[in-house]
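Undergrad: Could you put the whole structure together from the sequences, leaning on the hints where they help?
Residue numbers (the working numbering), protein chains in the order written: chain A, 1 to 292; chain B, 1 to 557.
Read the hints as simulated data drawn from the structure, not as lab findings. Accuracy of the hints is not assured; some may be wrong.
[As the list claims (entries may be wrong)] No farther apart than 25 Å at their CA atoms in a straight line, the calculated lysine-lysine pairs in the BS3-like style are these:
{"no.": "1", "chain 1": "A", "residue 1": "K260", "chain 2": "B", "residue 2": "K24"}
{"no.": "2", "chain 1": "B", "residue 1": "K224", "chain 2": "A", "residue 2": "K280"}
{"no.": "3", "chain 1": "B", "residue 1": "K416", "chain 2": "A", "residue 2": "K280"}
{"no.": "4", "chain 1": "A", "residue 1": "K286", "chain 2": "B", "residue 2": "K380"}
{"no.": "5", "chain 1": "B", "residue 1": "K374", "chain 2": "A", "residue 2": "K46"}
{"no.": "6", "chain 1": "A", "residue 1": "K280", "chain 2": "B", "residue 2": "K368"}
{"no.": "7", "chain 1": "B", "residue 1": "K224", "chain 2": "A", "residue 2": "K196"}
{"no.": "8", "chain 1": "B", "residue 1": "K24", "chain 2": "A", "residue 2": "K286"}
{"no.": "9", "chain 1": "B", "residue 1": "K382", "chain 2": "A", "residue 2": "K93"}
{"no.": "10", "chain 1": "A", "residue 1": "K46", "chain 2": "B", "residue 2": "K380"}
{"no.": "11", "chain 1": "B", "residue 1": "K416", "chain 2": "A", "residue 2": "K286"}
{"no.": "12", "chain 1": "A", "residue 1": "K93", "chain 2": "B", "residue 2": "K416"}
{"no.": "13", "chain 1": "B", "residue 1": "K103", "chain 2": "B", "residue 2": "K24"}
{"no.": "14", "chain 1": "B", "residue 1": "K394", "chain 2": "A", "residue 2": "K286"}
{"no.": "15", "chain 1": "A", "residue 1": "K93", "chain 2": "B", "residue 2": "K150"}
{"no.": "16", "chain 1": "B", "residue 1": "K380", "chain 2": "B", "residue 2": "K416"}
{"no.": "17", "chain 1": "A", "residue 1": "K135", "chain 2": "B", "residue 2": "K149"}
{"no.": "18", "chain 1": "A", "residue 1": "K46", "chain 2": "B", "residue 2": "K150"}
{"no.": "19", "chain 1": "A", "residue 1": "K93", "chain 2": "B", "residue 2": "K368"}
{"no.": "20", "chain 1": "A", "residue 1": "K286", "chain 2": "B", "residue 2": "K368"}
{"no.": "21", "chain 1": "A", "residue 1": "K286", "chain 2": "B", "residue 2": "K225"}
{"no.": "22", "chain 1": "A", "residue 1": "K272", "chain 2": "B", "residue 2": "K24"}
{"no.": "23", "chain 1": "A", "residue 1": "K272", "chain 2": "B", "residue 2": "K224"}
{"no.": "24", "chain 1": "B", "residue 1": "K368", "chain 2": "B", "residue 2": "K394"}
{"no.": "25", "chain 1": "A", "residue 1": "K46", "chain 2": "B", "residue 2": "K382"}
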Amino acid sequence: MIDNKDTLKTVDNPFVTNNPTSWCPGCGNFSILDTLNKTLFDVGLKPQDVLLVSGIGQAAKLPHYIHAHGLNTLHGRAVPSALGAHVANNALKIILNSGDGDTYGEGGNHLLHNFRRNIDIVHIVHNNQVYGLTKGQGSPTTPLGQVTRLQFDGMRSEAINPLAFAISLGCGFVARSFSGDPEHLEEMIKAAIDHKGYALIDVMQPCVSFNKINTYKWYKDRAFKLAADYDPTDKIKAFEMAQMFGDEGIPMGILYKEDKSDFMSRIPHITKPLVSYDRKPDDIEKLLDGLV
Amino acid sequence: MRKTIIIAGAAGEGINTVELYVEKLLKQEGYEIYAYKNYMSRVRGGYNYSTITIGQERVYSVESHADLFIALNAEAVENASAQIKDGGLLIALNGLKSKDEFKGKAVWVDEEALKNITKNKNAFGMVAVGMIIKWFGGHESILEKINNKKWSDSINSTNKESAKWGYEQMESAHKPARADEERIILNGNQAVALGALSAGLGFYCAYPMAPSTGIINYLSAHEKKMNIVVEQAEDEIAAAMSAIGSASNGVRSMTGTSGGGFALMVESIGFAAVSEVPIVICNVQRPGPATGLPTRTEQADLAFVVTASQGEFARIVIAPRTVSDAYYSTFRAFNLAEKYQVPVIILSDQLLADSVQSIDRFDTSSLKIQRHLKEDFDPKYKRYDFENISGNRKYPGLDPQTLIMTDSHVHDEYGKVTESEEMTIALKNKFLNRIEVIKKELSAPEFYGSENYDTLFISWGSTYGALREAVDELNSRENEVAMISFTDVFPVRENVLEPFIRPDVKIVNVEGNAMNQFGKILRMETGVKFSHSINRYDGRPFTSAYIADAYEVIKND
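TA: Structure, rendered in structure tokens:
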């Protein structure tokens, strides 16, 4: 078990709170929280610059544990909420934290369409391949046949492949990391913050209470870092690499990267944060002239 | 003078173009206009018609039968007898195969002669425009205004020629009443969009759904001019949630839909309420349940929208009565939403959305955007202070220091999740107190009719127009009737009916639904019971004749 809370915590990091969490001892979320705190501080952001958006689930509680702006919405609805928040004020750095059920299940439709929009956000998926908050049901990333607290004879659906899904839909930053490797996770979050556009980081995050198969050891034994000469701009190779998961090994790193215009840059008539425009009732006079 | 034109044909034959020019040109000649579209849920074919009622005095609803009936095809000629007044005039091409089926007064336009001017198959529509303008005594020069920037010069010039040729074929029967003042002409969807823009709308996100699509179309057409963002969402859940996401960051935001899409927004309404994010949602009603009648009208979503979402909280429901009211009420909706940090639902319907009315230009100088924000930094600021019923809102970035947590749970004053009994009660009590304060602020119903009424009609929303004309008609027949009509339909205060209720007065509830939804809300909240009701639920709008006829049946009960 890895618990690096104390090693990461710095007294002068304004993002760090003492708020008690409701996560189980040993939960992979702690490492994601601590790494995110550290990274936000290290890249020079202030709490006032950051909006943490989430839906519902164990991962979605995270905005309550970081000292920054927060928007804790409904199950599956973090992504459209983030779209609205980003449109309103693109000066805020949006970091979205959600689980595998929230993201790939309830929120699947929103996810695919916001890849298309390419909104400029960092989306960290705490993927533990199981439902935690509702206590142990299968999730969209639980493998076919895996027994859960609800699927007694094993899952009847195949797991979705989130990275292949994201690459195929044109998400411009597709990465995988592991909560058991905070240094790697930090590197991925930094790169995601630097990326202009939708940045998806799928984080393998063991659920110590409800997933006895995909444990720390299970992930650690299989995960490997992409080779130094791996070219993340080759979409076909990236798609091929994204197929690998399980006993054959699990690639970690930026599988795919493509720089392209982000959503707000496709709306060039908006030249500053939308919230800062002054508006008056008589702004419509010119439209009324057209109705005379 | 009150005359009605019906333009009938198939989708794609130019009904809308004829309607548009007739409305625009007759309005400019000083006539009052009220027009309504009766169309099927299809892109081509079918039997559609637009009804335009024209007067020298204000018009509040369309008549069901025509003085001038423009038939664009053979099927329209077959239907004409049923939709034309005694002595009404049919105008159609003489080559239509159903010509002999119509026995009334008609002007049969020479199809061969028209071909000398143009071979365009829809040219007859423009001929009809010229004939109508002449019939109403319009000047020939006004036909020069037939011009559409989207069309080529040659089409515009052929259209003008066709209209002028039609003008020559017709006799004048009327004279315009007065010169055009600063009047504008628009429909209910456009009025909602303009009300939102005047209120400072920054972001509109919606999924297309009849009959609400006109709102997003209008806003999108003016997106750049108004410096706003208009986005087509992947579904109505996303539309509502992204509007909330935007509103929670300080931008006035709105979504619009019809009942089916509103059903998908239900969870978002509860979220907006508990997170105290001001959001405006327009539900342009059509008959339900499920797919219902996509392009028809009904007032049957009221009971649904006043209770939509689990849990108990404050909300405001506003049902505009006229095109003008749609503008001012939408403007007010944004101020109310931000004052009380509640969801405000604008309950329109297909009748209002697709009704074109000539009205006074909006008085934007009378309006003030009131945001009710707490702009200064305050170290003791609590975003969700339980004592705070109105105003005092902050959003991220409003001041450079305060951090804002927007949350969907039961939460403490700072937005932190809690399960404490004390906080749970404090939060609920705040919502209850808010409802009571809102009740006092909402406007009273408008009274119209005879002061010595023995019958009082009660209505809400778009039923106003037809009912108002029915009241005039019935009082001209020596009845003593009056009406009250509500724009602010929820929440209602207990004493709202007191000024209007007398022991000897018959109360007649008039609603475009079968179950008297508003009548029941009034009974629940005020204890006042209606004795009779007039309902319409065939997907078509009330007309004054429909209401007056129904009144004659119950009058002596």
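Undergrad: Confirm or reject each hint.
TA: Hint by hint, here is what the structure shows:
Using a Cα cut-off of 25 Å, the hinted pair A/K260 and B/K24 is violated, with the two alpha carbons roughly 46 Å apart. Pair hint B/K224 plus A/K280 holds up; C-alpha atoms about 16 Å apart against a cutoff of 25 Å. Between B/K416 and A/K280 the alpha-carbon distance is near 35 Å, which puts this suggested pair outside the 25 Å criterion. Proximity of A/K286 to B/K380 is assessed by CA-CA distance (about 44 Å); at most 25 Å being required, the pair is judged violated.
As the CA atoms of B/K374 and A/K46 are separated by approximately 22 Å, the hinted pair is consistent with the 25 Å bound. Restraint check for A/K280 and B/K368: the C-alpha separation of about 8 Å stays at or below 25 Å, so the hint holds. Using a Cα cut-off of 25 Å, the hinted pair B/K224 and A/K196 holds, with the two alpha carbons roughly 24 Å apart. Under the criterion of a C-alpha separation no larger than 25 Å, the hint pairing B/K24 with A/K286 is consistent with the structure, at around 18 Å.
Distance hint between B/K382 and A/K93 is fulfilled; the C-alpha atoms sit about 23 Å from each other, no more than 25 Å. Between the alpha carbons of A/K46 and B/K380 the distance comes to roughly 20 Å, so the proposed pair stays at or under 25 Å and holds. Distance restraint check for B/K416 and A/K286: the Cα-Cα separation of roughly 45 Å exceeds the 25 Å cut-off, and the hinted pair is therefore not satisfied. Using a Cα cut-off of 25 Å, the hinted pair A/K93 and B/K416 holds, with the two alpha carbons roughly 21 Å apart.
For the proposed pair B/K103 and B/K24, the alpha carbon gap of about 32 Å is over 25 Å, so the pair is violated. For the hint linking B/K394 to A/K286, the alpha-carbon distance of about 32 Å lies beyond 25 Å, and the restraint is violated. Distance restraint check for A/K93 and B/K150: the Cα-Cα separation of roughly 42 Å exceeds the 25 Å cut-off, and the hinted pair is therefore not satisfied. Between B/K380 and B/K416 the alpha-carbon distance is near 16 Å, which keeps this suggested pair within the 25 Å criterion.
A C-alpha spacing of about 62 Å is found between A/K135 and B/K149, which places the hinted pair above 25 Å, so the restraint is violated. With a C-alpha separation of about 51 Å, the suggested pair A/K46 and B/K150 falls outside the 25 Å cut-off, and the hint is violated. Taken as a hint, the A/K93 and B/K368 pair is broken in the structure, with Cα atoms around 33 Å apart against an allowance of 25 Å. The suggested pairing of A/K286 with B/K368 holds, with an alpha-carbon distance near 18 Å, which does not exceed 25 Å.
Among the hinted pairs, A/K286 with B/K225 is consistent with the structure: their alpha-carbon atoms are about 9 Å apart, no more than 25 Å. A hinted pair counts as satisfied when its Cα atoms are at most 25 Å apart, and A/K272 with B/K24 does not qualify at roughly 38 Å. Taken as a hint, the A/K272 and B/K224 pair is honoured in the structure, with Cα atoms around 14 Å apart against an allowance of 25 Å. The suggested pairing of B/K368 with B/K394 holds, with an alpha-carbon distance near 20 Å, which does not exceed 25 Å.
The hinted pair formed by A/K46 and B/K382 meets the criterion: a straight-line CA distance of about 21 Å does not exceed 25 Å.
Hints 1, 3, 4, 11, 13, 14, 15, 17, 18, 19, 22, counting from the list given before, are not met by this structure.
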